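Participant: Residues per chain are reported as follows:
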Amino acid sequence: MKKIGNWHKLIKHVFLIIGAVIMLIPFAWMILTAFKTKSEATQMNPFIIFPSQWRTQAFANVVRKMDFIKLYINTLLMIFGRIICAVLTATTAGYAFGRLKFKGRDLCFSLVLFQMMVPVQIFIIPQYLMVSKLGMLNTIFSLIFPGLVTAFGTFLMRQAYMGLPKDLEEAARLDGCNIGQTFLYVMMPLTKSSMVALGIFTALFGYKDLMWPLIANTNQQSMPLAAGLAKLQGQFSSNYPELMAGSLIACIPMLVLYLLFQRHFIEGIATSGGKL
Amino acid sequence: MKVKKAKKKMTNRERSEFLWGWLFILPTMAGLMILNIIPIFQTIYQSFFKTGSFGRGNIFVGLENYKRLFADTAVWQALLNTLKYAIVEVPFSIIIAIVLAVMLNQKMRGRSVYRMIYFMPMVCAPAAVAMVWKWLYNSEFGLLNHLLEAIGLPKVNWVSDPKIAFISLAIVGIWSVIGYNMVLFLAGLQEIPKDYYEAAEIDGANAVTQFFKITLPLISPTMFFVVITRVIASLQVFDSIFMMIGKNNPALPKTQSLVYLFYRYAFVENNKGYGSAIIVLLLCIIMLITVFQMKAQEKWVHYN
Chain V
1 MKKIGNWHKL IKHVFLIIGA VIMLIPFAWM ILTAFKTKSE ATQMNPFIIF PSQWRTQAFA
61 NVVRKMDFIK LYINTLLMIF GRIICAVLTA TTAGYAFGRL KFKGRDLCFS LVLFQMMVPV
121 QIFIIPQYLM VSKLGMLNTI FSLIFPGLVT AFGTFLMRQA YMGLPKDLEE AARLDGCNIG
181 QTFLYVMMPL TKSSMVALGI FTALFGYKDL MWPLIANTNQ QSMPLAAGLA KLQGQFSSNY
241 PELMAGSLIA CIPMLVLYLL FQRHFIEGIA TSGGKL
Chain E
1 MKVKKAKKKM TNRERSEFLW GWLFILPTMA GLMILNIIPI FQTIYQSFFK TGSFGRGNIF
61 VGLENYKRLF ADTAVWQALL NTLKYAIVEV PFSIIIAIVL AVMLNQKMRG RSVYRMIYFM
121 PMVCAPAAVA MVWKWLYNSE FGLLNHLLEA IGLPKVNWVS DPKIAFISLA IVGIWSVIGY
181 NMVLFLAGLQ EIPKDYYEAA EIDGANAVTQ FFKITLPLIS PTMFFVVITR VIASLQVFDS
241 IFMMIGKNNP ALPKTQSLVY LFYRYAFVEN NKGYGSAIIV LLLCIIMLIT VFQMKAQEKW
301 VHYN
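Protein chains in written order, with our numbering: chain V, 1 to 276; chain E, 1 to 304.
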């Protein structure tokens, strides 16, 4: 019996390791290519897996061609702006939807749910026209704009508040707290993990979004990383070491954050169910 | 007297819940209205207009855009491309993810390392992911064709063969989303009480029977959630097509999605009216499919 169990385990690990290798190949190839020269990357016979020398030339070239510092700053400001907005609006609304009974609540919440079902591109033309009318195209504001409020975040926070025990509010009320105080001092501190998940989701949404910055932030000085990569590819479509170096530069910060706070990333998604 | 007082207190409470409730949802609802709900109607409205060139503003054309839409073979081809992409991406990303989740759903060595690796693509910018895959797919110097050659198989034009390119795109989609689906399934599997399996073991059910009779039915609510969100997301495929299929790529007509066409018409050719009509078509299709799935869930989703 035990022997069969061990065989099972072995087969499972073999399967999982093969899968993991397949998952890692694109990352490995990105890194290896980034350190090659162009002729090494496109050499046919013999085909080279490892660079003969770990050169940083491609990184230097790509940083000269594209202001990655600026792209980082823009992305960071966009993410921060969106997180602040999401936390301010979605926690309060989530609490109201999850915990308070009032007229109009269910109708409003169904609008929140509806927003999540609709293809996002349907908002884009009017949003673009709004930002354009405000004269705010190519600014940090335009990057933050679609994330001023978040239906998904509201939904996520509502779930978090609904999961809290009932007598907490009762106790706070008997102590003389009004609803605002109950929210701020009693309930909100209990949803910290969901707020972390909200922050991570918001950051990922913003970081990964490509179409909106392609439309609203076409100026290289105001682009986030995603749009910068698209521009980079448009300009240097065949210099793969440089493109891979650029991709690597764009991916590294989020990957490092992920490796450091892996548990929060994964559990945030596992417990809240996500939409990415 | 006492009753009256209690009643008054109730209404006080109700009033304060009403006021606080609206105060709390007001920013979100105002933003939602301005950013999302009204724009839906504006887009629909816009779809009845032709965008005048050189800032001549909008010209009302009635159903002209829709007439053009229904006669436009490129639109129907794009719809077909989108559906084909979804039909490959959704089932494979779900089946692979559920197999992985079942394997990882027990104490074993390396569990968190596997989980970390499979989830990794999820934190990468799709623009970067697409560039890496484009390089892997490169017909002359790409790693995949080198590997094929090494084992004596002919080269494949991964992204320029119109028959294959949509599958190549779907592979990128699957690779990107497997870990995410897997994490959702793992969370769902954790909810299943262990004694169900113990009872099944006593009854002599093997692993396969257990999977189909216990795991699958009990995980069906998670499955439903994943299917709904994956279908909606895959029908909006854009990033990988935009980044990987160039304007002169012969596979473009056979891979461009509705969202890609929308982007092209609305923001490259600056015909926001026609672009709007295309996205309204996608809205209707997504709505139809979602409503159908909501109806169909009664047949296969088990809530306890």
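It is worth saying that the hints were derived from the structure and are not from the lab. Since the structure is predicted, the reported quantities are computational estimates derived from the model, not experimental observations. Where a beta carbon is used, it is the ideal one built from N, C-alpha and C, also for glycine. Keep in mind that a hint or two might mislead.
Listed below are the simulated DMTMM-like cross-link pairs for lysine to aspartate or glutamate, each with C-alpha atoms no more than 20 Å apart in a straight line [claimed, not checked]:
#1 V:Lys101 <-> E:Glu17
#2 V:Lys192 <-> V:Glu267
#3 E:Lys213 <-> E:Glu201
#4 V:Lys9 <-> E:Asp161
#5 V:Lys166 <-> E:Glu140
#6 E:Lys107 <-> V:Asp167
#7 V:Lys166 <-> E:Asp161
#8 V:Lys101 <-> V:Glu40
#9 E:Lys254 <-> E:Glu14
#10 V:Lys101 <-> E:Glu14
#11 V:Lys38 <-> E:Glu17
#12 E:Lys247 <-> E:Asp161
#13 V:Lys231 <-> E:Glu269
#14 E:Lys107 <-> E:Asp203
Covered stretches of chain V, going by a simulated chain E footprint (3 or more residues, C-beta under 8 Å) [as the list claims (entries may be wrong)]:
#15 57 to 64
#16 133 to 140
#17 154 to 163
#18 171 to 181
#19 186 to 195
A few chain E residues that face chain V, going by a derived Cβ cut-off under 7 Å, partial list only [as the list claims (entries may be wrong)]:
#20 Glu17
#21 Phe48
#22 Phe49
#23 Met103
#24 Phe141
#25 Leu144
#26 Asn145
#27 Ala200
#28 Ile202
#29 Ala205
#30 Val259
#31 Ile286
#32 Ile289
#33 Val291
#34 Trp300
#35 His302
Participant: Look at each hint and say if it fits the structure.
Facilitator: Results of checking the hints against the structure:
Taking the CA atoms of Lys101 (chain V) and Glu17 (chain E), the gap is about 6 Å. The hint holds against a cut of 20 Å. A threshold of 20 Å between alpha carbons decides the hint, and for Lys192 (chain V) with Glu267 (chain V) the separation of about 13 Å falls inside it, so the pair holds. Using a Cα cut-off of 20 Å, the hinted pair Lys213 (chain E) and Glu201 (chain E) holds, with the two alpha carbons roughly 12 Å apart. Straight-line distance between C-alpha atoms of Lys9 (chain V) and Asp161 (chain E) comes to about 41 Å, which puts the hinted pair past the 20 Å bound.
At roughly 64 Å between alpha-carbon atoms, Lys166 (chain V) and Glu140 (chain E) are farther apart than 20 Å, so this suggested pair is violated. The straight-line distance between the Cα atoms of Lys107 (chain E) and Asp167 (chain V) is roughly 36 Å, outside the 20 Å bound, and the hint therefore fails. Note on Lys166 (chain V) and Asp161 (chain E): the hinted pairing is violated, with a Cα-Cα distance of about 60 Å set against a maximum of 20 Å. A threshold of 20 Å between alpha carbons decides the hint, and for Lys101 (chain V) with Glu40 (chain V) the separation of about 66 Å lies outside it, so the pair is violated.
With a C-alpha separation of about 58 Å, the suggested pairing of Lys254 (chain E) with Glu14 (chain E) is violated against the 20 Å cut-off. For a cut-off of 20 Å, the pair hint linking Lys101 (chain V) to Glu14 (chain E) stands: about 8 Å separates their Cα positions. In summary, the hint linking Lys38 (chain V) to Glu17 (chain E) is not supported, as the alpha carbons are separated by about 66 Å, beyond the 20 Å threshold. Distance hint between Lys247 (chain E) and Asp161 (chain E) is fulfilled; the C-alpha atoms sit about 14 Å from each other, no more than 20 Å.
Our distance criterion of 20 Å between C-alpha atoms is met by Lys231 (chain V) and Glu269 (chain E), whose separation comes to about 19 Å. At roughly 24 Å between alpha-carbon atoms, Lys107 (chain E) and Asp203 (chain E) are farther apart than 20 Å, so this suggested pair is violated. Here's how the stretch 57 to 64 of chain V fares: 0 of its residues keep a CB closer than 8 Å to some CB of chain E, so the rule of at least three is not met and the hint is violated. As drawn, the stretch 133 to 140 of chain V meets chain E at 0 residues by the rule of a beta-carbon pair under 8 Å; below three, the given contact is violated.
Counting residues of the stretch 154 to 163 of chain V whose CB lies closer than 8 Å to any CB of chain E gives 1, which falls below the minimum of 3, so the coverage claim is violated. Remark: the stretch 171 to 181 of chain V is confirmed as covered by chain E, as 3 of its residues place a Cβ nearer than 8 Å to a Cβ of that chain, reaching the required three. Here the stretch 186 to 195 of chain V counts 0 residues with a CB under 8 Å from a CB of chain E, which misses the bar of 3, and the coverage is violated. Taken as an interface hint, Glu17 (chain E) checks out: its beta carbon lies about 5 Å from the nearest beta carbon of chain V, inside 7 Å.
Below 7 Å, beta-carbon pairs count as interface contacts, and Phe48 (chain E) has none with chain V, the closest being about 13 Å; its hint is therefore violated. Hint status for Phe49 (chain E) relative to chain V: violated, with the closest Cβ pair at about 11 Å, above 7 Å. For Met103 (chain E), the shortest C-beta to C-beta distance to chain V is roughly 5 Å, which falls under 7 Å, so the interface hint holds. At its closest, the beta carbon of Phe141 (chain E) sits 5 Å from a beta carbon of chain V; the interface hint therefore holds under the 7 Å criterion.
The beta carbon of Leu144 (chain E) is not positioned within 7 Å of any beta carbon in chain V (closest approach about 9 Å), and the interface hint is therefore violated. Checking Asn145 (chain E) against chain V by beta carbon gives a least distance of about 10 Å; that is not within 7 Å, so the hint is violated. With a least beta-carbon distance of about 17 Å to chain V, the hint placing Ala200 (chain E) at the interface is violated under the 7 Å criterion. Interface restraint check: Ile202 (chain E) against chain V, minimum CB-CB distance 15 Å, threshold 7 Å, status violated.
Checking Ala205 (chain E) against chain V by beta carbon gives a least distance of about 16 Å; that is not within 7 Å, so the hint is violated. The criterion of a C-beta within 7 Å of any C-beta in chain V is met by Val259 (chain E), whose closest approach is roughly 6 Å, and the hint holds. Interface hint at Ile286 (chain E): satisfied, since its Cβ lies 6 Å from the closest Cβ of chain V, which is below the 7 Å cut-off. For Ile289 (chain E), the interface hint is violated, since its Cβ never comes within 7 Å of a Cβ in chain V; the closest pair sits about 10 Å apart.
Interface hint at Val291 (chain E): violated, since its Cβ lies 10 Å from the closest Cβ of chain V, which is beyond the 7 Å cut-off. With 7 Å as the threshold, the beta carbon of Trp300 (chain E) stays out of range of chain V, its nearest partner Cβ sitting at about 19 Å, so the hint is violated. A hinted interface residue such as His302 (chain E) counts as satisfied when its beta carbon comes closer than 7 Å to some beta carbon of chain V; here the least separation is about 18 Å, so the hint is violated.
When each numbered hint is compared with the structure, violations occur for hints 4, 5, 6, 7, 8, 9, 11, 14, 15, 16, 17, 19, 21, 22, 25, 26, 27, 28, 29, 32, 33, 34 and 35.
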